[in-house]
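Asks: All residue numbers for the sequence shown refer to my numbering, where the first residue is 1 and numbers rise by one.
Hints in this document: simulated from the structure, not taken from any laboratory.
Just so you know, not all the hints are guaranteed correct.
What the hints assert, rightly or not - Straight line, CA to CA, 20 Å or less: simulated SDA-like cross-link-like pairs of lysine to any residue: (1) Lys49 x Pro108; (2) Lys19 x Leu65; (3) Lys49 x Ala99; (4) Lys19 x Leu107; (5) Lys49 x Gly187; (6) Lys19 x Pro108; (7) Lys19 x Pro73; (8) Lys19 x Ile103; (9) Lys49 x Gly128; (10) Lys19 x Ile118; (11) Lys49 x Pro114; (12) Lys19 x Ile8; (13) Lys49 x Thr188; (14) Lys49 x Gly189; (15) Lys19 x Arg69; (16) Lys19 x Leu38; (17) Lys19 x Leu111; (18) Lys19 x Lys49; (19) Lys49 x Ser124; (20) Lys49 x Ile218; (21) Lys49 x Val115; (22) Lys49 x Val132; (23) Lys49 x Ile175; (24) Lys19 x Arg9; (25) Lys49 x Glu182; (26) Lys49 x Gly191; (27) Lys49 x Arg69; (28) Lys49 x Leu107; (29) Lys49 x Val32; (30) Lys49 x Gln119; (31) Lys49 x Gly39; (32) Lys49 x Leu174; (33) Lys19 x Ala72; (34) Lys49 x Arg217; (35) Lys49 x Ala68; (36) Lys49 x Ile30; (37) Lys49 x Ser34; (38) Lys19 x Ile30; (39) Lys49 x Leu38.
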Amino acid sequence: MSAVFAIIRRDLLLAMRRKSEVLTALFFFIIVVSLFPLGIGPEPALLRKIAPGILWVAALLATMLGLARLFAPDHADGTLEQMVLSPTPLGLLIAGKIAAHWITTGLPLVLLAPVLGIQFDLDSGAQGILVVSLLLGTPLLSLIGAIGAALTLGLRGGGVLLSLLVLPLYVPTLIFGAGAVEAYISGTGAGGHLSLLAALLVLGGFFAPWATTAALRIALE
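My request is simple: use the sequences and hints to build the entire structure.
Replies: This is the structure in structure tokens:
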């Protein structure tokens, strides 16, 4: 596990040296979410109704901004080949890279979401459900996105292909994540949606590193 933590630490240090890439996704999330209340106007009932979908779609798109760079720099400088030749199982190293990607892209969105939710007149309970759904859902977005990033590694126009690959796979996460907040607001309870999100996260955490590893080995051949 020391190698996994070393990978996480390395990727976090590199992210801090390229702060513009991290801040781009963060500001994209803030701007996209903030534009809707300004365009729709001060209608609290309507804003509360559309808030879950807008916040989740914005988080999904912001997460995608960094996917193309998840493996590309390591592929360009030869680090990825060294990871393949390492005695440490490649799946563990890939899991570390995915964790670092979530820390730099997903976690800031989770922390900002309650603040942005105030613009949509969400109460504290709805904001809490929103945070929980994002905590369960954003790691799943990184796990699924890593598979797409590995499959498109080194391809010309890979960014467009990456979007076409992962967006359909993001749909269940989007439905259950936004649905949890909508269910809470409507009074039907968010437990079912959050349970399904947690189940998807467990499945993704088990299968995604393995699938990503297989895709990377194919890309490097």
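Asks: Run the distance test for Lys49 versus Glu182: straight-line Cα separation, threshold 20 Å.
Replies: Given that 20 Å is the threshold and the Cα spacing comes to 7 Å, the pair holds.
Asks: Please verify whether Lys49 and Gly128 have alpha carbons no more than 20 Å apart.
Replies: Answer holds: Lys49 to Gly128 is near 16 Å, not above 20 Å.
Asks: Is Lys49 close enough to Ser34, meaning Cα to Cα at most 20 Å?
Replies: Holds: Lys49 and Ser34 sit about 15 Å apart, inside 20 Å.
Asks: If you draw a straight line from the CA of Lys49 to the CA of Ala68, is it 20 Å or shorter?
Replies: Given pair Lys49, Ala68 is violated - Cα atoms ~33 Å apart, limit 20 Å.
Asks: For Lys49 and Val115, compute the direct alpha-carbon distance and say whether it is at most 20 Å.
Replies: holds (17 Å)
Asks: Taken at face value, is the distance from the CA of Pro108 to the CA of Lys19 at most 20 Å?
Replies: holds (13 Å)
Asks: Taking 20 Å as the top limit, are the C-alpha atoms of Lys49 and Gly187 close enough?
Replies: Distance of about 13 Å is within 20 Å: holds.
Asks: Check the hint pairing Lys49 with Val132 against an upper bound of 20 Å on the C-alpha distance.
Replies: Holds. Lys49 to Val132 sits at ~18 Å (cutoff 20 Å).
Asks: Between Lys49 and Leu107, is the straight-line Cα distance small enough, at 20 Å or below?
Replies: violated (24 Å)
Asks: Verify the proposed pairing of Lys49 with Ile218, using a straight-line Cα cut of 20 Å.
Replies: Cα-Cα ~44 Å, so violated.
Asks: Are the Cα atoms of Lys49 and Arg217 separated by 20 Å or less?
Replies: violated (45 Å)
Asks: Take the C-alpha atoms of Lys49 and Pro114, compute the straight-line distance between them, and say whether it is at most 20 Å.
Replies: Distance ~16 Å between Lys49 and Pro114 Cα, so the pair holds.
When held up to the earlier numbered hints, the structure conflicts with 1, 3, 10, 16, 18, 20, 27, 28, 34 and 35 and fits the remainder.
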